[in-house]
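Peer 1: Read off the chains here:
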Amino acid sequence: KQEVTQIPAALSVPEGENLVLNCSFTDSAIYNLQWFRQDPGKGLTSLLLIQSSQREQTSGRLNASLDKSSGRSTLYIAASQPGDSATYLCAVRPGFGNEKLTFGTGTRLTIIP
Amino acid sequence: ETGVTQSPTHLIKTRGQQVTLRCSSQSGHNTVSWYQQALGQGPQFIFQYYREEENGRGNFPPRFSGLQFPNYSSELNVNALELDDSALYLCASSFKGGYGYTFGSGTRLTVV
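From first to last, the protein sequence lines stand for chains A and B.
Throughout the first sequence, residue numbering follows my numbering, covering 115 to 227 in sequence.
Throughout the second sequence, residue numbering follows my numbering, covering 20 to 131 in sequence.
No lab work stands behind these hints: they were computed from the structure.
Mixed in with the good hints, there may be bad ones.
Here are the simulated lysine-lysine pairs, DSS-like style, with alpha carbons at most 30 Å apart [unchecked claim]: (1) A:Lys115 <-> B:Lys115; (2) B:Lys32 <-> A:Lys115; (3) A:Lys182 <-> B:Lys32; (4) B:Lys32 <-> A:Lys156; (5) A:Lys156 <-> B:Lys115; (6) A:Lys214 <-> A:Lys115; (7) A:Lys182 <-> A:Lys214; (8) B:Lys115 <-> A:Lys214.
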């Protein structure tokens, strides 16, 4: 059974700092991994998706990496801004044609102005 | 291109009642998945619908059921509501065999 862990559960950093969020998964047989952002009481916004054959993906100030063999992914946020404050969730998909996502419990990020 | 729309946004029900939640999928998507997110937790997979049939189910009892319609919209029905059913219910649409998902804003269900 796939288990996804995100550490830390909460993180507070001053505005402007670079930061890294971590995600680990127990079964390396994944199809892809996706990072989402969730604002309080809201739905999920997809940030980056990494296929199992890829090592990283970038979008603006965000960079996600994937090390499938070690069961780890990181989300790097450069030059953090107060608007980045949210909960960040990672989710893994087991295989082609299997749409089920297994989520971590998220990291609640607070950027201090 | 429209996104995923869920209705209602908030709902309060009494224990033992039944509830129906609705989801319209993103244009071009043919698969709908439902997730339950309890406070402070990650979303948990309930089930998925493809071609109007259930195509995968998580660890949820049969009182959680669903439908998918020819236009790929979907309903989630929950019978005999329990207090622990209070959660944010998220709908996600995707294209079978595709890569990513589009999530709706969710329905906040409170059971009292």
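Peer 1: Run every hint past the structure and note whether it holds.
Peer 2: Do the hints match the structure? See the list:
1. Restraint check: the Cα-Cα separation between A:Lys115 and B:Lys115 comes to about 23 Å, which is no more than 30 Å; the hinted pair holds.
2. With a C-alpha separation of about 33 Å, the suggested pairing of B:Lys32 with A:Lys115 is violated against the 30 Å cut-off.
3. With a CA separation close to 43 Å, the supplied pair A:Lys182 and B:Lys32 exceeds the 30 Å bound.
4. Simply put, B:Lys32 and A:Lys156 have alpha-carbon atoms about 20 Å apart, close enough for the 30 Å limit, and the pair holds.
5. Using a Cα cut-off of 30 Å, the hinted pair A:Lys156 and B:Lys115 holds, with the two alpha carbons roughly 25 Å apart.
6. For the hint linking A:Lys214 to A:Lys115, the alpha-carbon distance of about 13 Å falls within 30 Å, and the restraint holds.
7. With a C-alpha separation of about 18 Å, the suggested pair A:Lys182 and A:Lys214 falls inside the 30 Å cut-off, and the hint holds.
8. Only pairs whose Cα atoms come within 30 Å are accepted, and B:Lys115 paired with A:Lys214 is accepted, the gap being roughly 11 Å.
Checked against the numbered hints given earlier, the structure breaks hints 2 and 3 and satisfies all the rest.
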